[in-house]
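Trainee: These are the residues of each chain, in order.
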Amino acid sequence: MSFWRRFARNRSALLGLAILAVVILIALGASLLFPEDPFRLVGRPMSAPGSNDFLLGSDTLGRDVAAGIAHGARVSLLIGLLATTVAVALGVVLGGIAGYFGGWIDDLVMRVTEMFQTIPSFLFAILLVAIMKPSIQSIVIAISVVSWPAVARLVRGEFTALRNREFVQACHIVGMGDLRIMLREILPNCLSPIIVTGSLMVATAILIESGLSFLGLGDPNVISWGFQIGAGRTVLRSAWWVCTFPGIAILLTVLAINLVGEGLNDALNPRLRER
Amino acid sequence: MTLAARRVRYVLKRLLQAVPVVLAIVVVNFFLLQLAEGDAVDVLAGEAGSATPEYMAQLREKFGLDQPLVVQLAVYVKNMLMLDLGYSFRHDMPVAQLVLDRLVPTLLLMVCTILVAVGLGIVLGLLAASGLNTWRDNLISVFALVSYATPLFWVGLMMIVVFSLNLGWFPTSGMENVAMFHEGWDRVKDIAHHLVMPVITLSLFYLALYTRLMRASMLEQAGMDYVTTARAKGLTERRIVFVHILRNALLPVLTMAGVQIGALIGGSVIVESVFAWPGLGMLAFEALFARDLNLLLGIFLLSALLVVAINLVIDLLYSFLDPRIEVG
Chain A
1 MSFWRRFARN RSALLGLAIL AVVILIALGA SLLFPEDPFR LVGRPMSAPG SNDFLLGSDT
61 LGRDVAAGIA HGARVSLLIG LLATTVAVAL GVVLGGIAGY FGGWIDDLVM RVTEMFQTIP
121 SFLFAILLVA IMKPSIQSIV IAISVVSWPA VARLVRGEFT ALRNREFVQA CHIVGMGDLR
181 IMLREILPNC LSPIIVTGSL MVATAILIES GLSFLGLGDP NVISWGFQIG AGRTVLRSAW
241 WVCTFPGIAI LLTVLAINLV GEGLNDALNP RLRER
Chain B
276 MTLAARRVRY VLKRLLQAVP VVLAIVVVNF FLLQLAEGDA VDVLAGEAGS ATPEYMAQLR
336 EKFGLDQPLV VQLAVYVKNM LMLDLGYSFR HDMPVAQLVL DRLVPTLLLM VCTILVAVGL
396 GIVLGLLAAS GLNTWRDNLI SVFALVSYAT PLFWVGLMMI VVFSLNLGWF PTSGMENVAM
456 FHEGWDRVKD IAHHLVMPVI TLSLFYLALY TRLMRASMLE QAGMDYVTTA RAKGLTERRI
516 VFVHILRNAL LPVLTMAGVQ IGALIGGSVI VESVFAWPGL GMLAFEALFA RDLNLLLGIF
576 LLSALLVVAI NLVIDLLYSF LDPRIEVG
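First to last, the protein sequences are chains A and B. All letters in the first sequence, in the order written, are residues 1 to 275 by this note's numbering. All letters in the second sequence, in the order written, are residues 276 to 603 by this note's numbering.
None of these hints come from the bench; they were simulated from the model. We put the CB at the ideal spot given by N, CA and C, even for glycine. Hints should not be assumed to be uniformly reliable.
[Stated by the list, open to error] Just a sample of chain A residues kept apart from chain B, beta carbon distances all over 12 Å, derived:
#: 1; residue: Arg9
#: 2; residue: Leu32
#: 3; residue: Arg111
#: 4; residue: Ile126
#: 5; residue: Met132
#: 6; residue: Arg163
#: 7; residue: Thr253
[Said to hold, decoys possible] Residues from chain A shown here face chain B by an in silico Cβ test under 10 Å; the list is partial:
#: 8; residue: Leu82
#: 9; residue: Phe122
#: 10; residue: Ala125
[Unchecked claim] Here are some chain A residues pointing at chain B (derived, C-beta under 7 Å):
#: 11; residue: Leu78
#: 12; residue: Leu81
#: 13; residue: Phe101
#: 14; residue: Ile105
#: 15; residue: Leu108
#: 16; residue: Thr118
#: 17; residue: Leu123
#: 18; residue: Pro134
#: 19; residue: Ile136
#: 20; residue: Leu207
#: 21; residue: Ser210
#: 22; residue: Gly211
#: 23; residue: Val254
#: 24; residue: Leu255
Just chain A, with the same shape it has in the complex (with noise of 0.2 Å):
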């Protein structure tokens, strides 16, 4: 069965792809739907939804709410997706590394990587952002660094499983170079877990992000829908709707692509699927 049939027999699945496909939309086109900078003033100030021409309500400087989500989605998304390139890259490289030479390399990466585990992640982000100035490069660092551990111990449980398979050997009785085996025939053999968890790392980093920016550490320049929650915390009692719609947005984004990422773990591990 292709690929597809398998991932659109899960319902669960499609749906999330059906919110993702709709958040991607709206963040590609939130200049077309909101020409205008989501940090400007354009209404009377704390606007309740539908009155004054603001579907989601106006926050305490009167910047439109529904404006701010459009936009934020960009930089949810673009950050998610940054991070987790990044991390993946890392923890392919180091994890690759580890697992196939073995030895004291390997030994090095682990006990690295479980120093990571045990530092308290989130603090280190703050700390790390903190440190480096708030800025959507920052942040990408930041989430990355506490991320790529993860990604390496998979893949070099992976690489360490397949090191010493038949084809692997014969790969190097033919006389190919370390890294062309690496590259070409034992990645090639793990990339379905090692997409099932960067789909789900989008997701972990989008949250990371939007804890992040709700705290006052999210990029000055750009609005993000952590922000726009931690900007509308103080007015909660009067205005709801500016922490509470952003709020929405993050949780059906994150559970989207958490419905995508299972959905691709039972379509590539078919195995797997009757748990």
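Starting from the structure of chain A, add chain B where the hints point.
Mentor: The following block gives chain B in isolation, referenced to the frame of chain A:
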């Protein structure tokens, strides 16, 4: 060798294994401090308003900041190991004292959260697995999926809107009503009343995690040979589930609970700053706003140590729970 002697040796071995981790964390802390713009003298000079370059050079010499990096690192490691975490210029107090003062509320929050999340997660996972693919299983699975995707701070804020502002059931913030001067049981009740919403908020995400894990773990164990044996010898389904499967299914959940301690501390930063709970996380939030890097690093170091310590305790508990694990 007797069992007791083996236990002592195991504890010592695990303690020894923790040493390099602690040292590595201290070294990372040092380099983070180096990465930051400006040093303690710049901060001091900034606080004072003005300082001549000569005076700043003198101060650097006094603090040893003109020494080579390696020497500074050695001094730093020595200070940290003696629990001298530096000085918070904003609070005008040693960091170690500030941090220790805030440790108890955070521990209270964390212990309650772990108990709720693990306990309820086990029950929900059990319920879902025993009614596989019924409405009960589906409902619990949807609940777990949604909780797993919700940002903690948003849950906290929404709970404040609903239960504090609209219904008035729980206080919005703080750990106790200081103005009431409660004593004895009244004080305990007051703190418990304040504790409800932060604990629910913080435990929701982990509850989702443990529910899913428990469900998967129950299903995995249900397919094992020993279950078939138990069924063949005529035990009731009830006995098989509660006595045989449950005990084995608990182990991965407990392991995960240990692994998640570090993440829990991160979550408590967010929950404490939402509910103004006067613990380490709230202190970190304040330090962030005051740009008090020394304090932030102190909190980071202490919480990392906390994770190492808790993991040690869990490992030991584990060896009691599961005799198959080699203690020697």
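Trainee: Each hint should be assessed against the structure and marked as holding or not.
Mentor: Tested hints:
1. Separation of Arg9(A) from chain B is adequate, the least Cβ-Cβ distance of about 16 Å exceeding the 12 Å criterion.
2. Interface exclusion of Leu32(A) from chain B stands, the closest Cβ pair being 28 Å apart, more than 12 Å.
3. Under the 12 Å C-beta cut-off, the non-interface status given to Arg111(A) relative to chain B is violated; the minimum distance is some 7 Å.
4. The claim that Ile126(A) is not at the interface with chain B is violated, since a C-beta of that chain comes within 12 Å of its own (minimum 7 Å).
5. Here Met132(A) does not stay apart from chain B, with its beta-carbon only about 7 Å from theirs, under the 12 Å limit.
6. With a least beta-carbon separation of about 27 Å from chain B, Arg163(A) lies farther than 12 Å from that chain, consistent with its non-interface assignment.
7. For Thr253(A), the shortest C-beta to C-beta distance to chain B comes to about 8 Å, within the 12 Å cut-off, and the non-interface label is violated.
8. The interface hint given for Leu82(A) is broken, as the beta carbon of that residue sits about 19 Å from the closest beta carbon of chain B, more than 10 Å.
9. For Phe122(A), the interface hint holds, since its Cβ comes within 10 Å of a Cβ in chain B; the closest pair sits about 3 Å apart.
10. Interface hint at Ala125(A): satisfied, since its Cβ lies 8 Å from the closest Cβ of chain B, which is below the 10 Å cut-off.
11. Given hint, Leu78(A) at the interface with chain B, is violated; its Cβ is 18 Å from that chain's nearest Cβ, farther than 7 Å.
12. Interface restraint check for Leu81(A): the shortest CB-CB distance to chain B comes to about 17 Å, outside 7 Å, so the restraint is violated.
13. The interface hint given for Phe101(A) is violated, since its Cβ lies 22 Å from the closest Cβ of chain B, which is over the 7 Å cut-off.
14. Taking 7 Å as the C-beta contact cut-off toward chain B, the hint placing Ile105(A) at the interface is violated, the least distance being around 17 Å.
15. Residue-level restraint check for Leu108(A) is violated (minimum Cβ-Cβ distance to chain B is 12 Å; threshold 7 Å).
16. Interface restraint check: Thr118(A) against chain B, minimum CB-CB distance 5 Å, threshold 7 Å, status holds.
17. Against a cut-off of 7 Å between C-beta atoms, the interface hint on Leu123(A) holds, since the closest Cβ of chain B lies about 5 Å away.
18. Look at Pro134(A): its Cβ only gets to about 10 Å from chain B, farther than 7 Å, so that hint breaks.
19. For Ile136(A), the shortest C-beta to C-beta distance to chain B is roughly 19 Å, which exceeds 7 Å, and the interface hint is violated.
20. This hint holds: Leu207(A) has a C-beta 6 Å from the nearest C-beta of chain B, less than the 7 Å allowed.
21. Interface restraint check: Ser210(A) against chain B, minimum CB-CB distance 5 Å, threshold 7 Å, status holds.
22. For the restraint placing Gly211(A) at the interface with chain B, the shortest Cβ-Cβ distance is roughly 6 Å, inside the 7 Å limit, so the hint holds.
23. For Val254(A), the interface hint holds, since its Cβ comes within 7 Å of a Cβ in chain B; the closest pair sits about 4 Å apart.
24. Given hint, Leu255(A) at the interface with chain B, holds; its Cβ is 4 Å from that chain's nearest Cβ, closer than 7 Å.
Hint compliance for this structure: hints 3, 4, 5, 7, 8, 11, 12, 13, 14, 15, 18, 19 are broken, all remaining hints hold.
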